[in-house]
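Asker: What follows is the residue order along each chain.
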Amino acid sequence: MAAQIQGSQHSQRILKRKYPVRLFKKDDTHFELRRKNFYYDLIEDTDLRKKPNIDLILTKDIESYGKKGDKISLKRLKAYNDFLLPGLAVYATPENIQKYMSIVISTEHQHSSKYAIELLKVLEKCCLIVNMNIDNHWKLEKWHIKVNFRTCGIYVTEKSITMPKKDIIGPNLQNEGKEFYIKVTINETEEVKVRCRLHHVTTVPEHQLPEISEFWKISNGALFPEDEKVLNALPRPKWEDYNIEKQMYNC
Amino acid sequence: MSMPIEARKRLYYLPKVTRWTKGIGAALPEEYKKFWKEWKIQMPSPVYYIPKKGKYERMPDGTVKPIQNIPIPLKYPKELDNGIWGGEAVIQGFVKKHKYHQRFVRYWVPNLIKSVVYSEILNKYMRTIVTNRTLDLIHEHYGFDHYILKTPACDLRSLLALRLKRFMLISLADKTLYPDDPVKRDEVYAKYEQYLSSYTREEIEWYGLSYPEACKKFRNNALVNMKITPLKEIYRQELINELKEEKLKLSESSEESGPTKWISKINPFHKYSKDVPKS
Numbered sequence: 001m002a003a004q005i006q007g008s009q010h011s012q013r014i015l016k017r018k019y020p021v022r023l024f025k026k027d028d029t030h031f032e033l034r035r036k037n038f039y040y041d042l043i044e045d046t047d048l049r050k051k052p053n054i055d056l057i058l059t060k061d062i063e064s065y066g067k068k069g070d071k072i073s074l075k076r077l078k079a080y081n082d083f084l085l086p087g088l089a090v091y092a093t094p095e096n097i098q099k100y101m102s103i104v105i106s107t108e109h110q111h112s113s114k115y116a117i118e119l120l121k122v123l124e125k126c127c128l129i130v131n132m133n134i135d136n137h138w139k140l141e142k143w144h145i146k147v148n149f150r151t152c153g154i155y156v157t158e159k160s161i162t163m164p165k166k167d168i169i170g171p172n173l174q175n176e177g178k179e180f181y182i183k184v185t186i187n188e189t190e191e192v193k194v195r196c197r198l199h200h201v202t203t204v205p206e207h208q209l210p211e212i213s214e215f216w217k218i219s220n221g222a223l224f225p226e227d228e229k230v231l232n233a234l235p236r237p238k239w240e241d242y243n244i245e246k247q248m249y250n251c
Numbered sequence: 001m002s003m004p005i006e007a008r009k010r011l012y013y014l015p016k017v018t019r020w021t022k023g024i025g026a027a028l029p030e031e032y033k034k035f036w037k038e039w040k041i042q043m044p045s046p047v048y049y050i051p052k053k054g055k056y057e058r059m060p061d062g063t064v065k066p067i068q069n070i071p072i073p074l075k076y077p078k079e080l081d082n083g084i085w086g087g088e089a090v091i092q093g094f095v096k097k098h099k100y101h102q103r104f105v106r107y108w109v110p111n112l113i114k115s116v117v118y119s120e121i122l123n124k125y126m127r128t129i130v131t132n133r134t135l136d137l138i139h140e141h142y143g144f145d146h147y148i149l150k151t152p153a154c155d156l157r158s159l160l161a162l163r164l165k166r167f168m169l170i171s172l173a174d175k176t177l178y179p180d181d182p183v184k185r186d187e188v189y190a191k192y193e194q195y196l197s198s199y200t201r202e203e204i205e206w207y208g209l210s211y212p213e214a215c216k217k218f219r220n221n222a223l224v225n226m227k228i229t230p231l232k233e234i235y236r237q238e239l240i241n242e243l244k245e246e247k248l249k250l251s252e253s254s255e256e257s258g259p260t261k262w263i264s265k266i267n268p269f270h271k272y273s274k275d276v277p278k279s
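Top line first, the protein sequences correspond to chains A and B.
Note that UniProt numbering numbers the first sequence so that position 152 is 152, with each residue one more than the last.
Note that UniProt numbering numbers the second sequence so that position 88 is 88, with each residue one more than the last.
Treat the hints with care, as some may be off.
[To be verified] Example chain B residues on the side facing chain A (calculated, C-beta under 7 Å, incomplete):
{"hint": "1", "residue": "Tyr48"}
{"hint": "2", "residue": "Pro51"}
{"hint": "3", "residue": "Gln68"}
{"hint": "4", "residue": "Phe94"}
{"hint": "5", "residue": "Trp108"}
{"hint": "6", "residue": "His139"}
{"hint": "7", "residue": "Tyr142"}
{"hint": "8", "residue": "Tyr195"}
[Unchecked claim] DSS-like mimics (lysine-lysine), calculated; alpha carbons at most 27 Å apart, straight line:
{"hint": "9", "chain 1": "B", "residue 1": "Lys114", "chain 2": "A", "residue 2": "Lys78"}
{"hint": "10", "chain 1": "B", "residue 1": "Lys40", "chain 2": "B", "residue 2": "Lys150"}
{"hint": "11", "chain 1": "B", "residue 1": "Lys191", "chain 2": "A", "residue 2": "Lys60"}
{"hint": "12", "chain 1": "A", "residue 1": "Lys60", "chain 2": "B", "residue 2": "Lys184"}
In short, the hints are calculated from the structure, not lab data.
All C-beta atoms in this analysis are idealised placements derived from N, C-alpha and C, irrespective of residue type, glycine included.
Let the sequences and hints guide you as you build the complete structure.
Answerer: Right, dumping it as C-alpha cells:
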C-alpha cells in the first residue's frame, strides 16, 4: 500500500526514531534500515527556540546607538543586516576588544544617554494638546502639563518642566487653540522647547464645545505675541507639513 | 576441517569495479582522493538528532546495551549546491497518527532565506540562499571566512561553499588579496594564515572540485604536458639514422674485403728489432 504525502515542514527540527535500529553486530559490514526505522517523532523545533543577543563593537559613531568603540548587544537579525554587513560594527571577540580599547572616546558634545538624542527629536516635533476645564476656574500649573504628557505616552517629572513666565488663567474661550511653549530638561542636561496648544473640555454634555474634526491640527496663533518668533522657529509636527503640502497641491 | 568464515568469504571475493578502480578515476591524483574522502566518506556532524554519549547504557529493565548512534539518512537535492545550508538537508520519513490510521510520507525541508554574505578575504558581497543554522554558525565562528575555512567539507556539503573555500585558500597561499592596499593585506593575511597549515599548494588546487570537474582538469593537465611530434620529423630522423648506419657498414665492408687487406697491414716505416734476423 503506497503511503500518501502529507506535506513538508519548513524548519529545522530535531527528530527521534520511533522504533530504534537493530544493533550492529561484529560480522556486519553495514547496518540495515527497514521501513519501520523511518517513523520519526518530533522532539523540538529549533527555529522556535529563543536565541541570545550578539555583542558588537561599533566602528563608527551611530546616533542613538553609541560612539566608536562602544560595546552594544543587539538582536541577531538586526545586528547582522544593519551593522555587520555594512561594516558599522564588528564582533566583540577578545582580539577586537583589545584593538578598540585604545580608542579614547571624546567627551565633547556627549549626551547624557544614547536615547536622549531620539527623545530630543520627538519632543521638538511634538505639539502637546493641553486639555483644561470649561466650568471651573484654573491656573495652569506643572502637574497639568505632566498629566497631558502622560496621555501621549511620555513620562515627565515636575522638576524637569519650566513653565512660561506669564501666568495662564482660565477658562477663557478666546484662548482656544492658542499656542505657547514650555521647556523640558532631559537628565538635567539637554533642554528642549515644546510647543503646547490649549483646548477646553468638560464632562457636561451641554457645556461642550461644538465638534470640530481634527481640532488638534488647527492653530489660532500665539498666546503671547512676544513668543511668536520662538514658535515659528520650532519645527512643525509631521502631519502639519503634510497638510500644507496638500493645500499647495490643491491650489 | 571446515575453513573459517572470513577465509571462505575471501575465496570467492571479487573486488567491485568502481569509478576509482578503472579508467580516469584511477589516474586522478592522491590530492583529489583525499578531498573526496573528506567530502563524501567522512561522517558529518549531527544536525537532526542528539547523539548519546558513552559506550554502554543501562535499560530500565536492568540489561546493559551498547550505544550505537546511527545517523538519520538525508537527501541532498541539486538546489543544495547553489546555496549554503549549513549541514541541513531534506529528510524523508513516515508519520502515523494512530495504530489503525494510514501512514503518510512526510518531508522535512529546511527553512530557506534569501540573504547576503560578506567574505573579508575575497572582499566581496554575495547574494545567496542560507538557513537560520548557517547564520548561527557564522555568528558562532565570528565571521563568514572563519566558518568556511574551519568546517570540513562533509559539513559544508554544497559545491558553492567548497568553491568559495578554494578561492579563499588560493588567494591566501598566493597572497593576492587586496592588491591595492598592502596594509590591509598584511592585516587580513595574519588573521587567516593559520588555516593554510593543513593543506599543501597542490591539495588546494584540487580542493572543492566535483568529479566531472576533476576529470576535466586532469584531462586538460595531461594535454598541456603532452608533447606531440609530427610523423614527418620522426621518419626523417629514422631515415638519417639508417643512412648513417649504411655508411658505416659500407666503410667497414670496404676495409674487410679486397686486396687492400694485406697491403694495409704492411708498414714500410716499421722499425724491426735487432734480434730478429732479416729475411
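Asker: Against each hint, give a clear statement of whether it holds in the structure.
Answerer: Now the hints, each set against the structure:
1. For tyrosine 48 of chain B, the interface hint holds, since its Cβ comes within 7 Å of a Cβ in chain A; the closest pair sits about 5 Å apart.
2. For proline 51 of chain B, the shortest C-beta to C-beta distance to chain A is roughly 11 Å, which exceeds 7 Å, and the interface hint is violated.
3. A hinted interface residue such as glutamine 68 of chain B counts as satisfied when its beta carbon comes closer than 7 Å to some beta carbon of chain A; here the least separation is about 5 Å, so the hint holds.
4. The restraint placing phenylalanine 94 of chain B at the interface with chain A holds, with a minimum CB-CB distance near 5 Å, inside the 7 Å limit.
5. Because the smallest distance between the Cβ of tryptophan 108 of chain B and any Cβ of chain A comes to about 5 Å, under 7 Å, the interface hint for this residue holds.
6. Checking histidine 139 of chain B against chain A: minimum C-beta separation of about 6 Å stays under 7 Å; hint holds.
7. Hint status for tyrosine 142 of chain B relative to chain A: holds, with the closest Cβ pair at about 4 Å, below 7 Å.
8. At its closest, the beta carbon of tyrosine 195 of chain B sits 16 Å from a beta carbon of chain A; the interface hint therefore is violated under the 7 Å criterion.
9. Distance restraint check for lysine 114 of chain B and lysine 78 of chain A: the Cα-Cα separation of roughly 15 Å lies within the 27 Å cut-off, and the hinted pair is therefore satisfied.
10. About 17 Å separates the Cα atoms of lysine 40 of chain B and lysine 150 of chain B, which keeps this hinted pair within 27 Å; it holds.
11. The hinted pair formed by lysine 191 of chain B and lysine 60 of chain A meets the criterion: a straight-line CA distance of about 22 Å does not exceed 27 Å.
12. Restraint check: the Cα-Cα separation between lysine 60 of chain A and lysine 184 of chain B comes to about 18 Å, which is no more than 27 Å; the hinted pair holds.
Checked against the numbered hints above, the structure violates hints 2, 8; every other hint is satisfied.
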